[in-house]
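Trainee: This is what each chain is made of:
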Amino acid sequence: MTKQKKYWKGLSELANDPLVDKLKENEFIEEIPVDDFLGDDKNLSETSTSRRDFLKFLGFSTAAATLAACETPIIKSIPYVVKPEEITPGVANWYASTFYDGNDFANILVKTREGRPIFIKGNDLPSSSPNARVISSVLSLYDSNRLKGAMKNGESVTWSDADTDITTRLSNVEGDVVVLTNTIISPTTQAIIEEFGKKYAVKHVQYDAISVQGMLDANKESFGQRVIPTYHLDKADVIVSFGADFLGSWLSTSLEKQYIANRNPKSGKMSRHFQIETNMSLSGSNADIRIPVKPSEKLNLLENLFDTLNGNSTANDKIKDIVAELTSAKGKSLVICDSNDKAIQIMVNAINDILGNYGKTIDMGQPSLLKAGDDNAVAQLIKDMNDGKVGALIMSGVNPSYTLADAEAFNAGLKKVSLTISTALSMDETSTNVEYVCPDRHYLESWGDAKATPNQVAFIQPTIQPLFDSRQIQESLLVWSGDDTEYYTYLKNYWRSKVSWSSSLHDGIAELSADALSLSSFAANVKSVLSQAQGLELALYQSNSIGDGSQANNPWLQELPDPITRSCWDNYLTISATTARENGLSNWNISDGSLNGDMVRLTVGDVVLENIPVLIQPGQAIGTLGLALGYGRTASGKVGNGVGVNAYPLVLNNSYTSSDVKIEKVEGEHGFASVQLHHTMMGRDLIKETTLNEYLENPKSGNKPLLYDTHLGKLAPDQIDLWQAHDHETGHFWNLGINLTSCTGCNSCVVACHSENNVPVVGKEEVRKSRDMHWLRIDRYYSSDMTKEIAEEEGIGAVSKFKAMEIPSENPDVAFQPVMCQHCNHAPCETVCPVAATTHSAEGLNHMTYNRCVGTRYCANNCPYKVRRFNWFNYAENDAFDYNMNDDLGKMVLNPDVTVRARGVMEKCSMCIQMIQKTKLDAKRDGRNIVDNEAQTACSSACPTGAITFGDANNQSHSVTQMVEDDRSYQLLDHLNTKNSVFYQTKIRNRKS
Amino acid sequence: MLQLNYMFINMTKFINLSKYPFTIFSSLIILLFAVSASVSAQNIEEGEKLYKANCTACHQIDSKLIGPALRGVSDKYSEEWLIKWIKNSAEMIAAGDPDAIAIWEEYNKSPMTAFPYFSDDDVKNILAYIEQAPEKQAVVATTSVDGGAIVVEDQTSDYVILTIAIVLLLVIAGLWKIKNTLKEVAGEESEDLFSSIITLVNAFFARKSIVTLTVFIILGFGVNSAWNLMLGVGVTKGYAPEQPIAYSHKLHSGINGIDCNYCHHSARHGKSAAIPSANVCMNCHTYINEGPSGKAEIQKIYDAVGFDPEKGQYIQGYEQKPIKWVRIHNLPDHAYFNHSQHVVAGGLECQDCHGAIEEMEVVEQHAELTMGWCIDCHRQTEVKVADNDYYEEMHAKFKENHPGEAFNVEAIGGLECGKCHH
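For the protein sequence lines, the chains are L and D, in the order given.
Residue numbering for the first sequence follows our numbering, starting at 3 and increasing by one per position.
Residue numbering for the second sequence follows our numbering, starting at 14 and increasing by one per position.
In short, the hints are calculated from the structure, not lab data.
Predicted, not measured: the structure shown is a model, and the values here were computed from it.
Fair warning: there could be bad hints in the mix.
As the list claims (entries may be wrong) - Restraint ranges, calculated between C-beta atoms of paired labels, are given here:
hint : chain 1 : residue 1 : chain 2 : residue 2 : range
1    : L       : Gly-151   : D       : Ala-82    : 22 to 28 Å
2    : D       : Glu-381   : L       : Asp-55    : 52 to 58 Å
3    : L       : Ser-961   : D       : Glu-381   : 31 to 37 Å
4    : D       : Asp-171   : L       : Glu-87    : 51 to 57 Å
5    : D       : Thr-225   : L       : Gly-595   : 23 to 29 Å
6    : L       : Glu-87    : D       : His-347   : 28 to 34 Å
7    : L       : Ser-961   : D       : Lys-410   : 19 to 25 Å
Stated by the list, open to error - Partner residues are not named here, just some residues of chain L that face chain D (Cβ under 8 Å, in silico):
hint : residue
8    : Ala-203
9    : Gln-919
10   : Lys-926
For each residue, glycine too, the CB sits at the ideal point set by N, CA and C.
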C-alpha cells in the first residue's frame, strides 16, 4: 500500500510555526500597499487616463528621451570678468603657509589651481615637515559639514545681530569673561586677546587636548621656564626613548628629518636608538633595540637608569647596554619620556643633566612654543563654571566636550555660563552645547602668524577666498573689543616694522632676533617614581592618521591604514598574543579573508567602555593594552561620526596610562578593515636587511645577488631574458629609489599620493573586501621566531615550519616597505591585457590607459606586486560612497590634471606622470636640461626623510642614479626578472649582532 | 593628414601700430615738399592716415566718444583756432580762450592730448578728411545673414532632389501609360500597375544568386554607413555655435591684425588657451564702443563688466555678469592636452589646428580633434631641436641608436598612451 508522503518545507512547518501558516495563506504577510500607488478606487475610476493613454505617454516620453539624448550637449565656457593677475588657467600657483592646530605644526607650500588649494607639501625648511594629517588638511577645507554662517542656539543669525548682542552682553556680564583656546603661538592673536582682555577683564586659558603639562611643569621647576625644549636628534648618537613616540605624534613637531640625518650608513655612523615602550609605536618599530615593558616597569627602569648613572645602583639587565652606551656618549645622547607626570619628567631632566645633554642635543634657550596648555587652569575653569563664577566663555581651537576626560562636568558648567561662544568650523561636540557659534575660517582661508620658536616666525596666508560666511577669531575679538581694524591690517602693521613683510610672506618664515631664554641651571628635587601598579595596564596613544581627532571627518585620514596594525576606520584595544590567550580572546580571518576579532568590556577605574574590539598586536608588552585617542566622535560629520570609541574619558588625572584595568569578553564579533592580513615575509627577502657593522665590512651584505643555474653557468636574472629589451638609453629613464633605512613608515607619501592622484575613498566595508584603492601602500613586516635556518637545524618539517613562520615574534623586528607600481620594464601586466590598455613607455614607465580598459582584471591577476586596483563601483557621485567625491564642495580638492576613474577600470600608480610631464615641459620651454630633484612624484615630495628619491637614471647628475647603482640597491622579487624601475636599498639597523 | 597649407597671417600685420611713427614721418616729408596747398585727394588720404593713427582713441566722426563728434567741426570753429587747439589745447585754456574753456568744461575738464608735432598742413589734412569722411553705412548683423544663408542652401538642395524625384516618377508613370496604350493598340491585354510590379518581384526572387548579391550589397552599404556613423559620434568638426556676443575673429585678428596671444595669452603658459576675460576686451573697448555692426555687441561687454560708455567710466558697485561663451573645442575629460606644449615647445601656429581663424566671422571647429588626427600629426611632425638644450643629448643618442630614423614626436614618446591619458 502506498502511503501519501508529506514533505515539509522546513523544520518550522513541522513545528507548526504560525508564521508558516500565515505564509501559506498569503505570500506577503504584510498587506501590499497597492492603494498607496494606485490611489483609491474613486480616484481611479474618475480618471480620464486610460490604459491606452498611459501607453501613449510612455511611448512618447521614451521617444522624446531618446531624441534628446542624440544631441551633443552645449558646454559653456565662462571666463573671469576681471581675471586676477596671478592666475593663469591651467597653471598652478604655490603659496607658502603654515599649519598649526594645537597638535601639529608644519611649514608648508600650498598648491592652488584656479584659486583652489589642492595639494600640500613641505616648505623645504629644517624646522618641520608636514605629516599625513597636515597633508590631508586640504580636504578638511572642503568639508561640507562646515558651518555656512554664524549660529545662535542652532539657528542662523547675521553677524551684525550676533555682534550687537554679544558686545552688549559682554559689557554687562556678571562674572568672569574667559577665553579658552588651544596653545596660542600667534603673537598677534596673543596681542588681540590682551586687547580684548583690557576691555572686558578677560582670563585667557590655554588648553591642549593632548597634554604635556608634566613636562612643562618639570621644566619650570628644573630651569625656571615653563616651556618644552627643542631637540636635536641629528646631534644625538644614542637616543633612549621611554615611550615617547617622537616619529609619531609626540609633541607637535616632526622629528623624522633630524632623526634620519644621523642615520646615514654611508657616513659610517648611525645613531643607536633604544625604545622602551608599551604599545608598538612608529618609533619603536624603527628602533635598533626595542624593549617592550608595562608602563609601570618603564618607570622602574627609568629610576634604575637614574640611580645607576648616579652610581647608586647597578643596572637592570634590560638596560645594561643603555647605561653603557649613554655613559660613553655624554653630550651626544638624549633621553626622552612621554609621561605627563612632573616628577617623572624631572627625573628625565636630571638624567639628561647628568649626561650633559643640555645645550647640545637639547636646546632650552630657543625652546619650542608649540605646547603651553595648563590643565590646572582648565580644571579651575570647569570648577568656576559650575560655581557660576563665569559669565562668558569664548572658545577657539578646542573641543572640550569631546577631548576632556570629564566632559560631563564641562557640559554641566556650560549651562551655568550665561554667554557661551564657540568659534569652531563646524557643529562639533562643544558647539552643539553653546549659544553662539561664530565660525572661524579654515587656516587655508586665513591670515596669521605662528611663532614656533622665539627666533622664528612663520606666516599663514589665505590661498582661497573664504568659502562660507565665516570670520577669523582674531577679527571677531577685534570687533567685540570695539576695534574696527581688519585683522589683515593688524597683522601687517604688527610685523611690518619687525620683518620684511612681502619677502617673509613669500618665504613663509622670517628670522627674528631673539635672545635665548635666560635659564637657571638644573635644580630640582628628584623624587622616586617607582610604581607598584597591579593587573593589566593601559596605554593610550594617538593614531598616526587621526591624531587627536580634530580631523576625524576627513575620509582620507579615516581610510589611511595605521602603519603598524594596517587597519583603518577603527580604533581597537591592542593586546599581545599571550595576554589575549590568557583572556580567551582571539582574531581570525573569515571566509573572504577579512579580519574579525572578539570584543570586550573595558573597565578603567569608574569608566566602563562597552564592545571594544581587540586586535592582537605583536610587540605589545605582555599584560598591557593600547587604545587610540581621537575616535568615537559624535558630532564630527557624516564620515567621522561613530567610528571607533572615544578613549578620552580614560585619561584619568591627566595620565595617558592606567593600571588595574579589567577586560571582560562580551558577545559578538567585530570586523576590522585591515589592508594587510599577513604579518611576516615567510622567509622571502622582500625586505633585505643587514646591520651597520656588516654593511661597513661589506657594502653588499644582506644583498646577495641572485644567480640562476643555466647551461652557460650561473647567470644573474637580467642576463637571462626571453623578451626584447626596450631602448631605455634614449631620452629619460625615470627611476624611483626607496631607501628602506630612511623610511620610518610615517604614511605621508600614502596620503600625498591620495591627494595628487584623486584616489577614491571606498569605506570600511569595501576595505574589508580588499578593495581599497591606495596606489601606494606601506607594507609592514614582522620578524618571526622561526626561520628557514632554525628549521633546518632543528629538523622541523616543511608544514610546521611554514606554519611557525607565519607567526610573528612576541617582540618582533619591524620593517616598512612602500610599495607602488614597480613599473616593470618587462611587465607581466602588459602582456596579458587583451585591449592594450596597459602599455610600456620608452621612459621606463608602465602606462595605464583608463579609457581603453574594459576591466578584465587579467593585469591585476598577473601582477606579482599586487599594486593594481580595480574600480568596482563609481566612487564619484555615488550615494553609496558618501565621501568627498559625492558632494560639490569635496570635489573641489580633485586634481584637474588627473582623470577621475569610472567604474570597471583598473588603476594604479602612474609615477605621477602628470608631474613628470609638467617638469619636462618646463625644461623644454626654457630650453634646458632637467636638474636634479626637479622631477618629483607626490610621494617623493612628501617624504620628510628623503627616503624616496625620483629622477632620470640616464642623467648622471640625478641623485637617483647613484641610488640605483649603489651596492645596497635591489629590486623587489628580483628573481622574477621583471626589470623594475623602482629600486629599494637594504635596511640597515645599528645593532651589535 | 594635417593640412599645412593654411593662410598664414602676415606677420607685418601684427606690427602695424609700430609702423605708424614711420608713416607719420614719411607723410611729413611728403607734405614738406608738397607744391600745392589745396586740398587734393592725396591730402585727404594723408589726413585719413593721421586721423586713424592719432584721433580715433577719443573721437568718432558722427558720435560722441571721449571727445566730441567731429563732423562739421570746421564749420563751428575757424581753421586757425582748430590748429592752435589741436597742437596744444591746454595753452589756449590757460590763455582764457572762451571757446576753449567752454569745451573743456563740457568734457569734465579732461584736456585733449596735445599734438605739438603736427604741422599746420597735417591738421588741415585731418580736417579735410573729417569733412569728407563717408557716412556710416547701416550694417546688417552679419552672423544671422550667414546662418540664414546656410539654411536656405540646404533647403534648395532638398527641393532639387524632390523635384527630380517627382519628375522621375512622372516619367515612369508616362512610360507605363505609353506601354499600356501601345499594348492596347497591339490588341494585347493591358495589365495594371500592381500586377506588373508583382511579376517583376517574382522574377527577382526566382533568382537566388541575384537575391544573395543584393542582400550582400545592402548589407555592405549598411555596415559601411553604420561604421561611418559611429566614427562620427562625438566628432563635431565644423561646429560653429552662435555665441552670446557676435565676436568676429576676422575683424580682430584678420583685419585689425591683433596677435592671437594678446587675448589668448595663457596658450603660451598653460594647458588652456582660455577665452579672454572681459577686462582684456576692455583694454581696447574702453575707447572703441562701436564696431562695423553697431554698438549692440560691444555693449554686451559693458553689461558684463559694468562700464558706462557715455561717461567713459566704470559703474561703482556694479554686479558683474560673466559672459557665457559656448565652448567649441571639447576634448573628453580623459584626454590631456596642453597648449603651451604645442605652441611654445612644439612651435606650432594656432592655425595648424584651428584653421584660418583670422578669416572666420564665426569660429568653427576646424579639426576633427579625434585621436587619429592627433597621432597622425605626432607621427609626421619633427621635433624642433634647434637651439633647445633639452633635446640636445636626447637627439644625439637617438641618432646613434636609431640611425636614419626621423626624430619626430613619435620618437620622443608622442604616441605613448599615458602621456595624454592619465
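Trainee: Which earlier hints turn out false for this structure, listed by number in ascending order?
Mentor: Hints 1, 2, 3, 5 and 8 not satisfied by this model.
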